[in-house]
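2 protein chains.
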Amino acid sequence: MARWEPNASERLALAALDLFAERGYENTTVIDIAGRAGLGKTTFFRHFQDKREVLFGDGTMDGLLAGAIAAAPAAAGPLEAVACALDAAGRQAFTPARREFVARRRAVIAASPELQEREALKGLGLTAAMAGALSRRGVPGLTARVAAELGALAWKIAYEHWSDTASGDDFSELARRALGELQAASASC
Amino acid sequence: MARWEPNASERLALAALDLFAERGYENTTVIDIAGRAGLGKTTFFRHFQDKREVLFGDGTMDGLLAGAIAAAPAAAGPLEAVACALDAAGRQAFTPARREFVARRRAVIAASPELQEREALKGLGLTAAMAGALSRRGVPGLTARVAAELGALAWKIAYEHWSDTASGDDFSELARRALGELQAASASC
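One line per chain: the protein sequences are A and B, in this order.
Quick note: the first sequence, position 44, residue 47 per the working numbering, numbers continuous.
Quick note: the second sequence, position 84, residue 87 per the working numbering, numbers continuous.
One should not assume that every hint holds.
If several chains are the same, the list does not tell them apart, and a pair holds so long as it fits within one copy or across any two.
Claimed, not checked - No farther apart than 27 Å at their CA atoms in a straight line, the calculated lysine-lysine pairs in the DSSO-like style are these:
1) Lys125 x Lys54
2) Lys44 x Lys159
3) Lys159 x Lys125
4) Lys159 x Lys54
5) Lys44 x Lys125
The set of hints was computed from the structure by calculation and includes no laboratory data.
Given these sequences and hints, build the entire structure.
Right, here's the structure in full:
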């Protein structure tokens, strides 16, 4: 397994994870996080707008998903294009080397209502990014919204399974399977 | 049109709406809100856990939706049961007398990232409440999740139209129409 070399924003996220787990989100300050990462407060705010944001990366996921949908084969239907986006997330974000980090992050978010709120809003952003990218492929508006919601649900199901398990399952495979099951389920609504 | 007589939590919400619109969410305190409503801080915290919560009612919407799904005819399929929940929301929450309040509330939330976060989390709660109620009717897990997501999308589409318009459209009719269109769209994903 390749060693994961964190950059500054990832070092801040790792430090925040440690501190949130040790002391709780409420009892951790931005200065604490920057200090634990061996960085200054100014560097923190170059990367993140506030303390809540530190576990939500650099905002490139929206672009990653939208880019993968734009790059999907011209013949791909809406859900196949969404599957390409989930593949990209598996290749870039949910790699085996990041599983432990993601599992710890998930536990910390589950313990903090404030982080849950930020995560809920981020989820809406990801869904909107997928719907927008589908629309730009010419998918009709409502179909794009439904396909994006199914993609977001598949993401959630795959994410929960992938980050929970020690089985080594591949995120993209889990997400594609979930998406297929959701498509079948939507036909029986 | 029947006159709407606000109770204490509604008076607090109305006062908060006025103040958030006048000064912004950030520049308004709980004491300001309680004072404007002619009530004390203690009364505020009997109704709401924090300032963010004041525009999100008394938490009865989850129960209203779940109750309507439970009470749907035994023969109703998942989406028909969801439509019953949307009907109930239209009867209880999105009445003509409340349209102006809801429209102002929507504008204030759109102006505040913090309120948007709380709203995003509340949206997840409503979706989960519908999915749970469908499961208790014996709907298989994934089908319940998809039906609840389609219901949440129909809600959003109807809500945006209903609160935007001066046309006097009925919320339940808008929501049922949106749900039908989303069902058709899901077949073309």
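Check your understanding: What hints, given by number in increasing order, does this structure fail?
Key -> Hint 2 alone not satisfied by this model.
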